[in-house]
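Participant: Sequence:
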Amino acid sequence: LIKEEQQDRVNDLVLEEYAQQLDTQMHQRKRATLETIRAELQNAYEELRHNFGHLSSDQVFTQLTGETRESLQEGMIVPVSVKRTFGDNIEVKLDCGITGTVAEAEYPEDVYREQREARSVWTLHQTVRGKIKFLNRKALEAELTFREVEMRKPFKRHLLDHDLEEWDDELEARDKKEARKAVDPASGRAQRVIKHPLFRPFNGAQAVEFLGPLARGDCVIRPSSKGPDHLAVTWKVHEGVFQHIDVLELDKENEFSVGRTLRIGGGGAGKGWTYSDLDELIVLHVRAMARKVEEMMGDERYQAGSRQQTEQWLTTYTEANPRRSMYAFCLNPKYPGYFSLCFKAGQNAPLANWSVKVIPNAFELKGNKYPDMRALKNGFKVVFQNMGPGAGGAGVNVARR
1 LIKEEQQDRV
11 NDLVLEEYAQ
21 QLDTQMHQRK
31 RATLETIRAE
41 LQNAYEELRH
51 NFGHLSSDQV
61 FTQLTGETRE
71 SLQEGMIVPV
81 SVKRTFGDNI
91 EVKLDCGITG
101 TVAEAEYPED
111 VYREQREARS
121 VWTLHQTVRG
131 KIKFLNRKAL
141 EAELTFREVE
151 MRKPFKRHLL
161 DHDLEEWDDE
171 LEARDKKEAR
181 KAVDPASGRA
191 QRVIKHPLFR
201 PFNGAQAVEF
211 LGPLARGDCV
221 IRPSSKGPDH
231 LAVTWKVHEG
241 VFQHIDVLEL
251 DKENEFSVGR
261 TLRIGGGGAG
271 KGWTYSDLDE
281 LIVLHVRAMA
291 RKVEEMMGDE
301 RYQAGSRQQT
311 EQWLTTYTEA
321 NPRRSMYAFC
331 LNPKYPGYFS
341 LCFKAGQNAP
351 LANWSVKVIP
361 NAFELKGNKY
371 PDMRALKNGF
381 KVVFQNMGPG
391 AGGAGVNVAR
401 R
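Okay, so the sequence shown: first residue is 1 according to the UniProt record's numbering, each after it adds one.
Think of the hints as simulated: they come from the structure by calculation, not from any bench. Here the structure is a predicted model, which means the values were calculated and not measured. The beta-carbon is built from N, C-alpha and C at its ideal position, and this holds for glycine as well. Treat the hints with care, as some may be off.
Straight-line Cα separation of at most 27 Å, DSSO-like style, residue types lysine-lysine; simulated pairs [as the list claims (entries may be wrong)]:
hint	residue 1	residue 2
1	156	93
2	369	334
3	30	93
4	357	271
5	195	156
6	133	93
Derived Cβ-Cβ restraints for the label pairs, each shown as a range [said to hold, decoys possible]:
hint	residue 1	residue 2	range
7	378	240	30 to 36 Å
8	359	320	32 to 38 Å
9	79	225	42 to 48 Å
10	251	84	30 to 36 Å
11	309	260	42 to 48 Å
12	354	244	19 to 25 Å
13	272	240	39 to 45 Å
14	355	84	41 to 47 Å
15	11	63	39 to 45 Å
16	171	374	54 to 60 Å
17	195	351	48 to 54 Å
18	355	324	36 to 42 Å
19	84	309	44 to 50 Å
Please build the complete structure, drawing on both the sequences and the hints.
Facilitator: Pasting the structure below:
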């Protein structure tokens, strides 16, 4: 009670008139000082500084770059400057100072298809357009793409149509709808959802329909019908030809997480391929096989027609050249990822064909692996000649090229 009476006396002081007298008589402006003294008398030892608080990652990001979540988002197309070029990626810099990376798989389709070196396409300090795929605000890093397919997709900005303190009924309805769709009607269990730009909740037929208009080598990651420890990757081999790859997940934290080890193919020693994450699998397995398909279809011995058309071409050739043999490659659409090596050892020899399997960075024929088309063709000739008369090659000259 005494303290309240003392505060009332302080409040009764007419500081404005006293400050005017000091200004008039002594030419000293003390109004602010007097107010400070009154505040100190009313609340002695009051802490006037603001409470210390750590800045959030968004606040640090804005202070360092001048950008906000609204001005710089994933999906935006931004100008970038080329800083350095490497064998499998490009390092770029955004105008706001963020360092960006463009992986080899995200080069423009023609550059990636022709396997052109980055330094022959882009020069240092060259300004190009790129689309942000992933933005790490805490590390001030970004992943971008130069692919035309991605660049043509329009940017969709998420705008709120309600106040921040109001409940979003529309979003709730959409979430409930997605939750119902995410339940497998056959088993009643929740379907897997993986945070990856290539993941789609498709079955095999839906994946094929989705990839139909896209380019060779494009792929989707989708749930597998084999169980929660499997994933499926569907990729486009050629027009109308799609390969479904079964991926076994090992060392999983839980039923819905992605395994730390991803295995494709047989489990025996030296068999199959093992990867540490989905990005590595896409680049080193799917993209690598797509490059081998491109190499095969660009070879002079490749025939664009069906197997029957290729065999007819071989028959016509050997009739015109009775003492020569001939071989050619054609796509095997019944077995995606395989080509048929068709050959005819002379005019009177029967038509024959062997399967050539496309694997990452190589071709496989009769259990032997060959790194490129030249080695594959030479390997075929060696195997063919070692088979002796039974192959119908006695006294017949094998085509040199």
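Participant: Confirm or reject each hint.
Facilitator: Results for each hint:
For the given pair, residue 156 sits about 23 Å from residue 93 by alpha-carbon distance, which is consistent with the 27 Å threshold. About 22 Å separates the Cα atoms of residue 369 and residue 334, which keeps this hinted pair within 27 Å; it holds. As the CA atoms of residue 30 and residue 93 are separated by approximately 54 Å, the hinted pair breaks the 27 Å bound. In summary, the hint linking residue 357 to residue 271 is supported, as the alpha carbons are separated by about 14 Å, within the 27 Å threshold.
The suggested pairing of residue 195 with residue 156 holds, with an alpha-carbon distance near 19 Å, which does not exceed 27 Å. For the proposed pair residue 133 and residue 93, the alpha carbon gap of about 15 Å is at most 27 Å, so the pair holds. Distance hint for residue 378 and residue 240: a CB-CB separation of about 31 Å, consistent with the stated range 30 to 36 Å. In this structure the supplied range 32 to 38 Å holds for residue 359 paired with residue 320, their Cβ-Cβ distance being about 36 Å.
Range check, residue 79 to residue 225: Cβ separation about 45 Å, and the 42 to 48 Å hint holds. Taken as a hint, the range 30 to 36 Å holds for the pair residue 251 and residue 84, whose Cβ atoms sit roughly 35 Å apart. At roughly 47 Å, the beta-carbon separation of residue 309 and residue 260 lies within the given 42 to 48 Å, and the hint holds. As the Cβ distance of residue 354 to residue 244 is approximately 24 Å, the hint placing it in 19 to 25 Å holds.
The supplied range of 39 to 45 Å is broken by residue 272 and residue 240, whose beta-carbon atoms lie about 28 Å from each other. Look at residue 355 against residue 84: about 43 Å separates their beta carbons, and that is inside 41 to 47 Å. The given range of 39 to 45 Å is respected by residue 11 and residue 63, whose C-beta atoms sit roughly 41 Å from each other. Here the CB-CB span from residue 171 to residue 374 is close to 58 Å, well matched to the stated 54 to 60 Å.
Between residue 195 and residue 351 the C-beta distance comes to about 51 Å, which sits within the given range of 48 to 54 Å. Residue 355 and residue 324 have their C-beta atoms about 24 Å apart, which leaves the hinted 36 to 42 Å range violated. At roughly 48 Å, the beta carbons of residue 84 and residue 309 sit within the given window of 44 to 50 Å.
Hint check: violations occur at hints 3, 13 and 18; the rest are consistent with the structure.
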